[in-house]
Amino acid sequence: MATRGIPRTTLGEDARHEGFLRHKGFRWLKVAIALCLVCLLAYALIDQQPRPSGGTAYGYTLGTIATLLILWLTMLGVRKRAMTRGRWSLKGWTSAHVYLGLSLIVVATLHTGFDFGWNVHTLAYALMLLVILSGLWGVVAYATLPEALSNSRSEMTRPQMIDAVVKLDRQLQTAAQPLADADTAVVLRALADDPFRAGLFRRLSASPRGCRTDGALAGLRRRLALATGEEAEALESVVALLERKSAALARIRQYLRLRALLEVWLYVHVPLTFALIAALAAHILSVFFYW
Amino acid sequence: MPFVVRTVSHSAEGREIVRSSRIEADRLTIGRDPECDIHLTDLAVALRHATVERRGPRLAVACERGLTVELNGRKVASGETDVATGADILLASHALRFMPTPPAAADVALNVERITDGAVKLDKAGERLFSLAPVMPGKRGMAWLLFLVVLAVCIGWPIKAYYDRQHRTETFARFQADEIWSSGHLSRAHAALQHDCSACHVKPFESVRDNACIACHRDVHGHADPFRLARARPDLTAWGRLQLRVKQAFDLPPGRCIDCHTEHQGQQAMAPTPQHFCSDCHADLTAKLPDTPIGNAGDFGKAHPDFRPAVITGWAGDRPILQRLPIGAHPREQSGLKFPHALHLSGVGGVAQMARTLGMGAALECADCHTLNPDGVRFRPVEMERNCAMCHDLSFDRVGGTLRTLRHGDPAQVIADLRALYGGRTLPRPAILSPFARRLPGTAAGERGETRYFRFAGAPGADAAIRAVFSPGGACYDCHTVRAPPSGSLAYRIAPVAFPARYIQHGWFDHRSHASQSCAGCHAASRSNAAADLLLPDLRTCRTCHGGERTRKPVASTCAMCHDYHRDEGAPAMIIRQRIGAERRQSVARLEGGG
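Line by line, the protein sequences are chains A and B. For what it's worth, the working numbering labels the leading residue of the first sequence as 2, then goes sequentially. For what it's worth, the working numbering labels the leading residue of the second sequence as -14, then goes sequentially.
Worth flagging that the hints you see were computed from the coordinates, not collected in a lab. Predicted, not measured: the structure shown is a model, and the values here were computed from it. All the pointers check out, no bait thrown in.
When the alpha-carbon atoms are kept at most 30 angstroms apart in a straight line, the in silico DSSO-like pairs for lysine-lysine are as follows:
#1 25(A) - 81(A)
#2 273(B) - 287(B)
#3 81(A) - 31(A)
#4 81(A) - 124(B)
#5 92(A) - 124(B)
#6 92(A) - 81(A)
Label-pair restraints from in silico Cβ distances:
#7 168(A) - 62(B): 32 to 40 angstroms
#8 -7(B) - 251(A): 37 to 45 angstroms
#9 152(A) - 62(B): 50 to 58 angstroms
#10 26(B) - 152(A): 36 to 44 angstroms
#11 148(A) - 59(B): 50 to 58 angstroms
#12 141(A) - 126(B): 25 to 33 angstroms
#13 141(B) - 152(A): 46 to 54 angstroms
#14 186(A) - 7(B): 30 to 38 angstroms
#15 91(B) - 200(A): 54 to 62 angstroms
Note that CB positions come from ideal geometry on N, CA and C, so glycine has one too.
Please work from the sequences and hints to get the whole structure.
Written as structure tokens, this is what we have:
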């Protein structure tokens, strides 16, 4: 209670959250912009003979810078496993990774001199662009998705989300006991529903297509319309439970969709980075092999 | 014969709870229906799933149509077993164990136990389930797989292609794996080498050397003595020295063919060599090589020495003396011919009148006498018989309908023919045409011929006629330098005539490329009254259109437009490439005659 009167401004700078994008007042954004401007200016001023390409003095210089940058950017995979604070904090490192990585678009493109072809050199460039674009996706995902992700849980923890389904399954087991064999088969299939078995694309689309719970719901609703007496009562309670389960599953699917969007870029970013390093090795080796 | 059913369940703490009941019947019904003897609350169990009947020492199991149970580990629709051995029946999540019972015993004991948790499969400890990881191939695995695939395709495969080729000598017409290393198409001139990287890249990790070029280009000569070339090189700045160091460190010796002839720049003609490759040395050549006869040359628009055409400045006997003199010094050409261009091009006077009579227009034009060679570069030499004789007829006698003409180029024959004409006779009658002067068409000219005849008729005879032909006013004298005979002889001779076939010997000029210009724009022929006038244009004339590499003039001109680094004769390679699209063809025009 004693802290209630303290005005916000007296809190230290560190007290407020500063994401890796705005780290130290966009320090690395400024560095990256400066790097791009220097490269662009040099491209405009230096007369590359016979025409701009990776094979001129300017091209070799930018190529060396870009190679070192790529290797350093890759080191984030190692660096991120040690979380530290201070001048070279992991946050600062990540900030530099993002902005210097983006600056590679300019540095490497000027290195090529817009001289493209069907060869390992352009392959390395294309892989690099894919890695950068997937990284850009990651940055956008990290900036926008976490909020939507926590909203989609509607105040539930992840175990609670599963628990809800498990409980409904139990209730279904009981409620479906009086049903005829044909109906129980439908309920059984609905019970076997596992939203986590969906692969990448099903998760990304969050589509209820092929959801057996929804199928069972539709089938039993039709049965309910024709049923009478005790059977109708039993069907009614099963249908009500299936409706609740369908909603619970939809919530899980929506959450899975957001998680997939948040994570999928790394499955492009990391493997393509290794492909890029191999292509880069081929690019450099081929230049010197046929020097 | 009753069954004793023991229903086993477990408390939350795992304690076993057993409830026993007794069923007084030989036949047990099993199902989800509460009315069954053994009621199993599992949706996977049908309402009436199966029956078990004791038939003496045997137990018979029978399922409803279409249903099965697992009897002693085998899936069956019906089956039998001994009471003595007992039976294990698995039905969805439940296990029914009939205890081994002596056949004589009255009761059969039966355990019913739920052994699995039914269809509830979700595990709430599965925090990891929400992540993509369980449904995706591992990042690390994919990374290494891609890494190795790219290494194999982009490094392993091309290197294998390189070493495979080492043992073969044929030409390579099909794709080779190391072509994926190529940074761009070869120029069209080298297109045949496209599949054979090692034609130029002879050794791995060694830069391309001139030997690789010379292997095919055997007849290309160097630019100059290598030592003089080295001396002519400009002093390096500190930056230049640094560049040289770096290049040498990376095995890039300076002065290689490929410094100028860059390759892999695409499927086009080789790029024209930039001006600075020449001007680096030539802009200040005299400082580096004081003994050079070549003037300093930088940008054509600003710094180019005066043209120095090869001019015939005199004669050593019958051989012309060629000298290269600056055009600014207005050299006189001693061609041995008398020819006033101004008179011939004039729109008034006798020549114009003649042109009109011959139907050649209002006046003579350059093209009436000067014909372009088929290659369009230079002109055919002017010849008396083809060009001059249109007007300057040498006929001297008529026999029937045939005119006899003096033989051009052979004074002795001329003298003999004239002697034969007179042949010791006095002139029988006036010749219709005068042998002594040019025939001029029309009556006026004819009358003039008559007059001439009568002039000589006073002193008729061959000697007088010969003298007249070689003297002022005579047919030979007007155009040629006549060498007088020794006294007492009539052996007149004519000084030889020669013109250089090529005035500018180290620069290229192509007339066809300049066809849009009028002749008079460059050659001041209409103002020239003597054949000795050199009618070549000077630098200023060229510069009205041509500037240097970067200019506002209509034609930007690098050195390579007129000069070739490797060759003196023929068109510069750049022009050839422009004109015929990089396909090399011999295009050498040699210095004809005169020289």
